[in-house]
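With the hints as extra help, turn the sequences into a complete structure.
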Amino acid sequence: MELASKYDPQNVESKWYQYWLDNKLFSSKPDGREPYTVVIPPPNVTGVLHMGHMLNNTIQDILVRRARMEGKNACWVPGTDHASIATEAKVVNKLAQEGIKKTDLTREQFLEHAWDWTNEHGGIILKQLRRLGCSCDWDRTGFTMDETRSKSVIKVFVDLYNKGLIYRGVRMVNWDPQAQTALSDEEVIYKDEHSKLYHLKYYVVEQDKVERKDEGNIMHKDEKGYYAVVATTRPETIMGDSAMCINPDDIKNTWLKGLHVVVPAVNREIPVIEDSYVDIEFGTGCLKVTPAHDINDHALGLKHGLETIDIFNDNGTISEAAGLYVGMDRMDVRKQIAIDLQNAGLMEKIEDYDNKVGFSERTNVPIEPKLSTQWFLKMEHFAEIALGPVMNDDIEFYPKKYKNTYRHWLENIKDWCISRQLWWGHRIPAYYFSTADGKKDVVVAETAEEALKLAQQKNANLKAEDLTQDEDALDTWFSSWLWPISLFDGINNPDNEEINYYYPTADLVTGPDIIFFWVARMIMAGYEYRGKMPFKHVYFTGIVRDKLGRKMSKSLGNSPDPIMLIEKYGADGVRMGMMLAAPAGNDILFDESLCEQGRNFNNKIWNAFRLIEGWQTADIEQPEENKIAINWFDAKLKVINAEMQEQFKQYRISEALMTVYRLFWDEFSAWYLEMIKPAYIDGKAQPIDQITYNSTLQFFETLMKMLHPFMPFITEELWQHIADRKNGESIMSATLTIDNPSESDHKLVDAIENMKQVVGGVRTVRNQKNIAPKEALELQAIGQNAYEAYNSVIMKMANLKAINVVNAKGDDASAFMVSTDEFAVPVGDLIDVAAELEKAQKELEHLQGFHASVEKKLANKNFVDHAPEAVVARERKKLSDSEEKMAALKETIAKLQGK
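Quick note, the sequence shown lines up with residues 1 to 899 if you use full-length UniProt numbering.
By construction, these hints were calculated from the structure, which means they are not laboratory data. Misleading hints may appear alongside valid ones.
[What the hints assert, rightly or not] No more than 20 Å apart at the CA atoms, straight line, and that leaves these computed lysine-lysine pairs for PhoX-like:
1. K769 / K839
2. K568 / K127
3. K453 / K15
4. K24 / K155
5. K24 / K726
6. K453 / K155
7. K252 / K221
8. K677 / K801
9. K335 / K163
10. K453 / K439
11. K163 / K151
12. K705 / K72
13. K349 / K335
14. K726 / K756
15. K257 / K213
16. K677 / K756
17. K335 / K196
18. K878 / K857
19. K649 / K403
20. K201 / K257
21. K856 / K878
22. K877 / K857
23. K796 / K627
24. K649 / K705
25. K890 / K769
26. K303 / K257
27. K349 / K224
28. K627 / K568
29. K209 / K257
30. K201 / K221
31. K224 / K403
32. K221 / K335
33. K6 / K857
34. K127 / K15
35. K403 / K536
36. K224 / K201
Okay, here's the thing in structure tokens:
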């Protein structure tokens, strides 16, 4: 079938992707080959494709397709994450639009709505990944809440609980008031905020006992009496104050020792306590202690036996316990209480203040520290087993810089809060009941039936209805950390054929923003449940930013729709555009023009093949220049392939793309095809010899194989055109075998590079002297011709009539040197002497003016005496350089005038 005149990616891409699916070319089953396994970082089940997904999955597909062509059994497992917080929020919002509150529903009713939502919207992103060309084994698609994964999660929870690694307790946690759930430390993003620092007046109760105790005391007093000043960024929390704390070594505040103060507006008396925890330098050195709403205050509260007053409801509004502003949102209270305190004369001053505020990674609202009963996983054991493998490079990070980030987190790890106050997710398998003596107790089991048996050991009279399962769900990451194992059912069936064959996986491609959420925890789970690493290499991508360096977001409107890009430029064009700007670990400055460059490269490939396909062959002798060209390009392929092998080994994938891009565009198209291209005589194309034609097709096929991982669609289309293929055959299964370059290969490549310089020099003379390409020139080799073996190629590429060896370059002004003075091109009457003379005279005039200005500067004694020595030296070099150029120009002008 004849190729179309233009490349149409839409037609080509849909055709071949369906062909790959129909022939099960992405499918993998355990066999005798070396496995190459990749598990997809599971996107949110209700998500849609964004530029970060595009980058991440393009890289994975490149690695997977390359592994197939190396003869490995490549298995890329796709799947999605149930995304507890994000999905529940969407379902709650949908219900609200229908006039239904979550609280009006039972858990079972709500989950029905959640599953309906998931079934309707889930999987869209996986379908979109097909448009990108992702070669996943779609029959293996997993979901973190499907039956296999759910059983795995519950089994692991029970196991860790029985090992004493999971516990339940009251702790200060990060609370998301919008999602109304606890978060782990890793789910809190700290942002720089332009805030206010409010200086509040806490009046002393024992006014008659106030006395100066040290010369350095700073005592505040107004018409109402003595008061202490507390600086806070959160005046709305004063309703939860239990004490004021000073540092016992803080001289300016020793006058407050042993006294009590009144909480402003609240009018509650609280003691002044002493603790070295207080920073003497911050604010006034007086700290308000709110044990229910700050982790450090909570520690002070426990140490000093203070009352804990929780003034916030779960949704971030003020609770009854506060006594003031009940029902108002916390942020509205901050504004109102500042006004009220000022009006009451209880505000000393307000200052601008820059600080860091923790935001929920999921809902982007400020988190609240909150005392809450939660489930936790002890992390010390896991940190111990996960640190060594990365630091010893058993598991290799690319780039290496992330090893320090990883180490720092593990060495300062805190217990993981794994419970979430959500219904969408894996319900915690803990069951509460009353013992025979009426005490509350709990058992943990994989099923309700097993839980009842365990509970009956403590109270034989219990029935199933006497047990109440914990209402909370597990953190989404508690399922994701098992992903490389659970996708092959390695938790439920730890010795099955697939887990033994596919695990550990080969490469993980992910973003550095989830190095703690996911990467570290998968390593922990891998060593805990398989006794070995979950993957051998981790490739960290950068963040995709716009060309101005801004992070892409909906609010900025700077994030293009990936599907629209694919429709405009084709998937291959977009893949190439992404990879051209994607060095490992560095942020990607994405510019749509890169996709255009990718599309142009597609057209270049297409047109190159159409050119070759259009040549007529004949049983004629192979020209010498064609023999040289074939030997050279064969050597060049070996050298470039070795470079790419090394680049892939170092995960310099964007560099590997640029290497093969230049190979095709600069070497194959611009040089090789030109070297062998048949001549036109009398306007008619001449035939090419069969040997050269066959070699060229073979080279083209090899280039398609080298490009295939990066650009799967066009390479498949052209590979199928090169020869008759059987149904089911595909370039993705074609083995790429290129020998390593020999010493003679390197020498030949270097020699041709030098030869190119000669050709380039002749072409430069043509351009500079406006000599038409059709004018055949003579090339003079001075003394000897070091490239005589390549004369036939040089003559064809530079359009020469002869290459003659001469003893020295003649005095003729029209003989121009090329290639480091080894060759000269006498152009004789082919140049316009008058034009050249005018050009040289104008250049001389310009140089003379420049020379005069530098002379003037150097004649200025003040400049020479006071300017840095390097600056003066630079000016003197400019002077000498311009003098040399003027001398050469004068010589050229003299010769031209004498011509």
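Structure-based check of each hint:
At most 20 Å may separate the alpha-carbon atoms for a hinted pair to count; K769 and K839 meet this at roughly 11 Å. Distance check on the hinted pair: K568 and K127 sit about 18 Å apart at the alpha-carbon level, within 20 Å; holds. Of the supplied pair hints, the one linking K453 and K15 is violated, its CA atoms being roughly 58 Å apart against a limit of 20 Å. As the CA atoms of K24 and K155 are separated by approximately 33 Å, the hinted pair breaks the 20 Å bound.
Between K24 and K726 the alpha-carbon distance is near 15 Å, which keeps this suggested pair within the 20 Å criterion. Under the criterion of a C-alpha separation no larger than 20 Å, the hint pairing K453 with K155 is consistent with the structure, at around 17 Å. Straight-line distance between C-alpha atoms of K252 and K221 comes to about 14 Å, which keeps the hinted pair within the 20 Å bound. For a cut-off of 20 Å, the pair hint linking K677 to K801 stands: about 18 Å separates their Cα positions.
In summary, the hint linking K335 to K163 is not supported, as the alpha carbons are separated by about 49 Å, beyond the 20 Å threshold. This hinted pair checks out: K453 and K439 have alpha carbons roughly 18 Å apart, not beyond 20 Å. The straight-line distance between the Cα atoms of K163 and K151 is roughly 18 Å, inside the 20 Å bound, and the hint therefore holds. Restraint check: the Cα-Cα separation between K705 and K72 comes to about 15 Å, which is no more than 20 Å; the hinted pair holds.
Proposed proximity of K349 and K335 is supported: the alpha carbons are some 15 Å apart, at most 20 Å. For the given pair, K726 sits about 41 Å from K756 by alpha-carbon distance, which is inconsistent with the 20 Å threshold. This hinted pair checks out: K257 and K213 have alpha carbons roughly 9 Å apart, not beyond 20 Å. A hinted pair counts as satisfied when its Cα atoms are at most 20 Å apart, and K677 with K756 qualifies at roughly 17 Å.
Taking the CA atoms of K335 and K196, the gap is about 11 Å. The hint holds against a cut of 20 Å. For a cut-off of 20 Å, the pair hint linking K878 to K857 stands: about 11 Å separates their Cα positions. Our distance criterion of 20 Å between C-alpha atoms is met by K649 and K403, whose separation comes to about 18 Å. Among the hinted pairs, K201 with K257 is consistent with the structure: their alpha-carbon atoms are about 17 Å apart, no more than 20 Å.
Simply put, K856 and K878 have alpha-carbon atoms about 13 Å apart, close enough for the 20 Å limit, and the pair holds. For a cut-off of 20 Å, the pair hint linking K877 to K857 stands: about 13 Å separates their Cα positions. In summary, the hint linking K796 to K627 is supported, as the alpha carbons are separated by about 13 Å, within the 20 Å threshold. Of the supplied pair hints, the one linking K649 and K705 holds, its CA atoms being roughly 18 Å apart against a limit of 20 Å.
Restraint check for K890 and K769: the C-alpha separation of about 18 Å stays at or below 20 Å, so the hint holds. At most 20 Å may separate the alpha-carbon atoms for a hinted pair to count; K303 and K257 meet this at roughly 18 Å. Restraint check for K349 and K224: satisfied, since their Cα atoms lie roughly 17 Å apart, inside the 20 Å limit. Under the criterion of a C-alpha separation no larger than 20 Å, the hint pairing K627 with K568 is inconsistent with the structure, at around 41 Å.
Pair hint K209 plus K257 holds up; C-alpha atoms about 11 Å apart against a cutoff of 20 Å. Pair hint K201 plus K221 holds up; C-alpha atoms about 10 Å apart against a cutoff of 20 Å. A hinted pair counts as satisfied when its Cα atoms are at most 20 Å apart, and K224 with K403 does not qualify at roughly 59 Å. A threshold of 20 Å between alpha carbons decides the hint, and for K221 with K335 the separation of about 26 Å lies outside it, so the pair is violated.
Taking the CA atoms of K6 and K857, the gap is about 60 Å. The hint is violated against a cut of 20 Å. For the hint pairing K127 with K15, the CA-to-CA distance comes to about 16 Å; that is within 20 Å, so the pair holds. Taking the CA atoms of K403 and K536, the gap is about 14 Å. The hint holds against a cut of 20 Å. With a C-alpha separation of about 11 Å, the suggested pairing of K224 with K201 holds against the 20 Å cut-off.
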